[in-house]
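Undergrad: Now for the letters of each chain:
Number of protein chains: 4
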Amino acid sequence: MFNEELRLEKPLRWGMIGGGRGSQIGYIHRSAALRDGLFTLVAGAFDIDPERCEDFGTHIGLDKARCYPDYKMMLEEEAKRHDGIQVVSIATPNKFHYEMAKAALEAGLHVICEKPLCFTVAEAETLKTIAEKNKLIIGVTYGYTGYQMIHQARKMIENGDLGDIRIINMSFAHGWHSEEVEKNDPGLKWRVTPEQSGPTYVLGDIGTHALYLAEVMMPELKIEQLMCSRQSFIASRAPLEDNAVVLMNFNNGAVGNLWVSAVNAGAIHEQRIRVVGSKASIEWWDEHPNQLVYEVQGKPKQLLDRGHGYLYHDDMAVTCDRIGCGHAEGLFESWANLYQRYAIAIDAMIGGDKETVENTWFPDIHAGLEGVRFIENCVRSADNGSAWVDYK
Amino acid sequence: MFNEELRLEKPLRWGMIGGGRGSQIGYIHRSAALRDGLFTLVAGAFDIDPERCEDFGTHIGLDKARCYPDYKMMLEEEAKRHDGIQVVSIATPNKFHYEMAKAALEAGLHVICEKPLCFTVAEAETLKTIAEKNKLIIGVTYGYTGYQMIHQARKMIENGDLGDIRIINMSFAHGWHSEEVEKNDPGLKWRVTPEQSGPTYVLGDIGTHALYLAEVMMPELKIEQLMCSRQSFIASRAPLEDNAVVLMNFNNGAVGNLWVSAVNAGAIHEQRIRVVGSKASIEWWDEHPNQLVYEVQGKPKQLLDRGHGYLYHDDMAVTCDRIGCGHAEGLFESWANLYQRYAIAIDAMIGGDKETVENTWFPDIHAGLEGVRFIENCVRSADNGSAWVDYK
Amino acid sequence: MFNEELRLEKPLRWGMIGGGRGSQIGYIHRSAALRDGLFTLVAGAFDIDPERCEDFGTHIGLDKARCYPDYKMMLEEEAKRHDGIQVVSIATPNKFHYEMAKAALEAGLHVICEKPLCFTVAEAETLKTIAEKNKLIIGVTYGYTGYQMIHQARKMIENGDLGDIRIINMSFAHGWHSEEVEKNDPGLKWRVTPEQSGPTYVLGDIGTHALYLAEVMMPELKIEQLMCSRQSFIASRAPLEDNAVVLMNFNNGAVGNLWVSAVNAGAIHEQRIRVVGSKASIEWWDEHPNQLVYEVQGKPKQLLDRGHGYLYHDDMAVTCDRIGCGHAEGLFESWANLYQRYAIAIDAMIGGDKETVENTWFPDIHAGLEGVRFIENCVRSADNGSAWVDYK
Amino acid sequence: MFNEELRLEKPLRWGMIGGGRGSQIGYIHRSAALRDGLFTLVAGAFDIDPERCEDFGTHIGLDKARCYPDYKMMLEEEAKRHDGIQVVSIATPNKFHYEMAKAALEAGLHVICEKPLCFTVAEAETLKTIAEKNKLIIGVTYGYTGYQMIHQARKMIENGDLGDIRIINMSFAHGWHSEEVEKNDPGLKWRVTPEQSGPTYVLGDIGTHALYLAEVMMPELKIEQLMCSRQSFIASRAPLEDNAVVLMNFNNGAVGNLWVSAVNAGAIHEQRIRVVGSKASIEWWDEHPNQLVYEVQGKPKQLLDRGHGYLYHDDMAVTCDRIGCGHAEGLFESWANLYQRYAIAIDAMIGGDKETVENTWFPDIHAGLEGVRFIENCVRSADNGSAWVDYK
Ligand SMILES: NC(=O)c1ccc[n+]([C@@H]2O[C@H](COP(=O)([O-])OP(=O)(O)OC[C@H]3O[C@@H](n4cnc5c(N)ncnc54)[C@H](O)[C@@H]3O)[C@@H](O)[C@H]2O)c1
Ligand SMILES: NC(=O)c1ccc[n+]([C@@H]2O[C@H](COP(=O)([O-])OP(=O)(O)OC[C@H]3O[C@@H](n4cnc5c(N)ncnc54)[C@H](O)[C@@H]3O)[C@@H](O)[C@H]2O)c1
Ligand SMILES: NC(=O)c1ccc[n+]([C@@H]2O[C@H](COP(=O)([O-])OP(=O)(O)OC[C@H]3O[C@@H](n4cnc5c(N)ncnc54)[C@H](O)[C@@H]3O)[C@@H](O)[C@H]2O)c1
Ligand SMILES: NC(=O)c1ccc[n+]([C@@H]2O[C@H](COP(=O)([O-])OP(=O)(O)OC[C@H]3O[C@@H](n4cnc5c(N)ncnc54)[C@H](O)[C@@H]3O)[C@@H](O)[C@H]2O)c1
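Just so you know, the sequences run in chain order U, F, Z and R.
Start counting the first sequence at 1; every next residue gets the next number (the numbering used here).
Start counting the second sequence at 1001; every next residue gets the next number (the numbering used here).
Start counting the third sequence at 2001; every next residue gets the next number (the numbering used here).
Start counting the fourth sequence at 3001; every next residue gets the next number (the numbering used here).
No lab work stands behind these hints: they were computed from the structure.
Heads up, a few of these hints could be off.
A few chain R residues that face chain F, going by a derived Cβ cut-off under 10 Å, partial list only [claimed, not checked]:
| # | residue |
| --- | --- |
| 1 | GLY3298 |
| 2 | LEU3303 |
| 3 | GLY3309 |
| 4 | TYR3310 |
| 5 | HIS3313 |
All C-beta atoms in this analysis are idealised placements derived from N, C-alpha and C, irrespective of residue type, glycine included.
Input sequences plus hints: build the corresponding full structure.
TA: See the structure below:
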């Protein structure tokens, strides 16, 4: 069961860049960080528009003086304070992630950054190096991996319940952009603009979420070759794709198939993962995240449900469990579980407790880096006539 | 969309009775109350065991002095403080609800109380009278009614999408107590002990939840006659039932059928409501609360999903909506939405803003009272050979 | 596996009364009877309209001379032939069932009759007596009970997989007659006319189907008391009901709840049965008849699927299985399985093989009689203010 | 509605090759052909084992003299009779299809052949040429395409309900051969033996079924390029695959993704097709064939159900409809619907009624040929390092 009493000596002093009023993802960051009393929000450069930043920041209870017109000023000013921020979350459009994360790390702050972490593997490596040097944590908000059933899946695979892993099918395929809706939607507009979004649209925007589910469930698996075919069904989005398929060969002989789309008309999310082993398969769907389908060959199909006594008593899974089974948990719990891990790791890092840092699972710099590497390989294949390429 | 910026001038000073370490329902009260910055937890008599109360209270950040060994002392001591609590939540076993709520109201505190509010209609009327006299709010935590889809349903019915209402089928039928598990489970033990639980077990424990869904969706409907058949499949539970069926005739000619059970082996919750009208039906299931089935006679079955633009733009429904559609919301959001309403109503009451109090929907004294009335009528029928009785 | 090679020395010479062109149920009788080469259709009084009878009969390959203007003539003329019919199926509106079945039995014919078999228990007893005297079979077409999963359910219960049976919930609740559609639909018109339909509409028309599922699954269970509440939401249908609920107490302490409706707007069939035991529950739904939900308390929900090796190797269940699992079977197979049993029993009866008659399960006179008894008891309760009545 | 009265002047005299006792697919051929009185089974070379052929044939009612020890003798002997067979169905392992179909066509018989029709496009072209010359019909038993909902889908797409077609995802991915079960299963043994099965296992065995669903729904779509990746997870099956993915680019810019597997542990069939258009998507699943999911972007998901008045009144779809909606139809109806079409076409061909032949939809030589072409292209890609190849 979730430990409601877990507290740090003092909540971490936390600031935000981006995620201002009306942004898609700002609220869930705050909801998650503040949920368990481990962070306290004390500063923000929430918005591209300084006035709106101040108005919003003060409305949610910040000191006006700590609502900054831009992130650089925030880093500077906060550094001067004895009670300045210790950690910053970055929830701006993709193009800013790298420079912001780098600046924050250089300012000695722990960083929680939205995906995709940056645009190139080289950039990710740089961030990693600075973080290591400065003994800082980088968390990346692959927000679906705080669900109990993801960790149940990981444990089942680790324990051999599925046998040898053979096939991994993943998808994140919604239909919201079946038409050229970016004309009236700035939150989408930047996503289909290469300078702001990076070398891909759907692959980076949602594809890495589904891929990371697989990484969490099967940490040992490595891609060896990959093939990516991508399309822009709304022509004006080219070169950025609104639909893509990626096939993968893994080091253990398994094969993967990832479908990513923003033009899967009528679908809401369709983020799914199915892992097929030599003995059994499991399947998870983010729209009903408290269930896990478990199919043993030759046996009746089973539906596992969050919170039950028959699940693995894995530390991560168990502490994700915030209420008796049957009650629906949702994405807010998943995110809060992640922010709890970030807090534990950051606190341990501050206290020099390396062991705890290492033993605390959370989507970290590695998660962020591998997401960027995946995108790079996809683009290389796609731009090469969708040829198979060696993964590097 | 949920308004993250909604704040009171000052968060309400809040205390808790019951809901201590290891209790079933304490955490969700705190999670809900603290979620949106509208309450601040400053005092508690959390536990029957004073030591555990203090240990727990201080662990979750309370001042040791305000972790009270019993609720009476809390009411007394807090009354002496200029910064004493303004509102108290009661999450103890049923038998205490009445005396605690009464004492709190008499101490001038707003009360948020668990269901069943008390054991008799007379008690409920007394609470109502005191609250009215003292200009206090009573909220009752029918925690499933903060979901967006419940309010979508209410709006659809109000707008005539279903035609005339004919049939209302309700259930809350789990299987957790198929065996005599109370032997090793104190949280269940009191539930099957009449002195502590009241005149019923499952009818009061879960039946009123399902009934209240119907009341929220169809505020105009009144029961005219009712018939209740109840059983104790685990004989030692008698006279308290672990299974019951209640049939109802409503004032508009509609009929109702409620199934409540703790011995529905293998079922997790099975809290469902189906409302059948002359034109269409809707169905809602609390284990997948973000969906609403909508079946228009002669048309394809439809599945409505939380957060979509095609839903009614009802104030209550819309402000329940905390994140883009497709993302799973859960029970924690539902509860937080209710606590938000309690706060708005309490704040308005404090400020003498009657209009806001009246226009703010929340599960109130009426909800609590009607739940108790329902139980009384059920018992009257059941004890009378399951005869039909006039509702009073 | 279904035995395709099972044949009688000679197919049974078969005639039909009713079930003519455009009738709802005529085709499935023919499809079922002719499916496995055990019957040959040689005569018919298919229609209230003699001309249409002849036109239809000859179109489906009958000798014109054996397309009779009315059933009495058919019985008379066929009796004169050395190759006259041996068995007759009755698929006319309810009011004719008794007189036709009686006349056929008196003419020495085996009878396969639609439900409800007749209007009163006394009539059913009479039919039973004549059949016994004349050594004739009566089959009643409770057509859903030829499905493999119904017999899997029966076997699971017999073997104690569910523990003691506690609760049986049944429904057959469609929405096709939510409006007064009988104005333009003769096939419904007679159903809501007491003289033609009998003392009930939905209870007899569909309710006995769901009840009979329970009887097949739990042959030992007997109703001891019953309560019936019925409504005519379309007022012109009174005294016949278009909606009803029946509660039952069984001899073993179990309770039952049956919902029958023709005004469950938007629902197609909703024929379901859920049997709850002290250890586990099962649930079956006729719209997806190849699946059976199996929920063991404290274990993951299981979905059993037709044709699998993990099912019971019960003779009845196994011989229902006409194709490898995964392939959808449907109502036509269920009916054909029943007609196969009728044929086996009739053939054995003709050959004087009592043992086979007794060992061959099929919906028989007992099934028909109990359906009628149920209706009588329901009406007695309903007409007595929905009071509980002792079952007789 | 299905026209039960449709009859030919005389039923077609029909023979079978293969499909003997214990075969997987023999019974459904007979059930389908004999269902509607359009064929009469008069001869057979059912089995590799002549004795078993005779034993089986006579048991199901054939004249002993017309139970042939091998198909050549059947063709020869039947040709001598004035009442010899007019049409033959071939249900033997794949390797015989070509020589048997060729011999039958050369003997002047119409042919209904199992898939895959043969091993090479050249062979298929030869069969086509002979059939055309001899004015004979070739039917191929893609048995899932007789379902009403497949034709509803076709009509929806034709009418533009989905907008422009963009994405077609197909699968047929079961798990029955997750282990090396062929050791004890002769029906599988031949399937993984190249000489008997052809150049592929799952691609030809099941993949072409799913592909043909797409062809029926979108007859205008043509593959332009294709990429196939295939695996033998049970190593001894190599070079034949037990798992494969095929990506396709279509002439209109749409993309396709087909997953075929016999090692999808725990899955029963998972034959699915999802067609995504610019406005809406549809999805069909063969395990619940009476439903079709219809998702219009921005609207609630809809579930279309067989037999309803809101479906298209397409001739093919409507005449597939054998019973009122809600009742489950199954694979036997789908096959019977196809055999009905074969009969109509064959009868018209015999009568020289070219128009009817042309206007009668059924899975024909084109369907068979395109299946073989697809396999050839898949193998070419797979054997070329899973490179993209131009379709030819
Ligand atoms: N983890 C997830 O599930 C998830 C979901 C959605 C978005 N995201 C990611 O979150 C990020 C933000 O996406 P969004 O959909 O919320 O975008 P959005 O366009 O809705 O909001 C962006 C916010 O950033 C602010 N902003 C922009 N430039 C800024 C700057 N230079 N300094 C300070 N603030 C600035 C904007 O004012 C706005 O408040 C993206 O990287 C996206 O990929 C992640
Ligand atoms: N709204 C809902 O969905 C919901 C769900 C579960 C329980 N409940 C209700 O909540 C109440 C508590 O149920 P629970 O399951 O959490 O019970 P529980 O037995 O798990 O916990 C009861 C808590 O109250 C404390 N307590 C007992 N007597 C006390 C006293 N005199 N003073 C102070 N604290 C005391 C106990 O120490 C414990 O911490 C009940 O009324 C129940 O009906 C409501
Ligand atoms: N077992 C089932 O699942 C099921 C389903 C539907 C109907 N039924 C039963 O089948 C019976 C027929 O129902 P239906 O819906 O097919 O009715 P219908 O009104 O559609 O058809 C009745 C048929 O009987 C013929 N008929 C009427 N009077 C006749 C007479 N005196 N002699 C000969 N033919 C006569 C009519 O011409 C018509 O062909 C009813 O008893 C009904 O309860 C059973
Ligand atoms: N359309 C479908 O859905 C479907 C489904 C299953 C099989 N099939 C196809 O049907 C064919 C048969 O498959 P199956 O699974 O029934 O195979 P099977 O091995 O179960 O049966 C094959 C039958 O053919 C007989 N046979 C073999 N050689 C013969 C010969 N030379 N002459 C006469 N009879 C001979 C065997 O005795 C046996 O009765 C295959 O081509 C397969 O691809 C199609």
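Undergrad: For each hint, tell me whether it holds in the structure or not.
TA: Consistency of the hints with the structure:
Nearest Cβ of chain F to the Cβ of GLY3298 (chain R): about 6 Å, under the 10 Å cut. The hint holds. Among the interface hints, the one on LEU3303 (chain R) holds; its C-beta lies about 4 Å from the nearest C-beta in chain F, closer than the 10 Å criterion. Taken as an interface hint, GLY3309 (chain R) checks out: its beta carbon lies about 7 Å from the nearest beta carbon of chain F, inside 10 Å. Of the supplied interface hints, the one on TYR3310 (chain R) holds, with its beta-carbon coming within about 6 Å of a beta-carbon of chain F, less than 10 Å.
About 15 Å separates the beta-carbon of HIS3313 (chain R) from the nearest beta-carbon of chain F, more than 10 Å, and the hint is not met.
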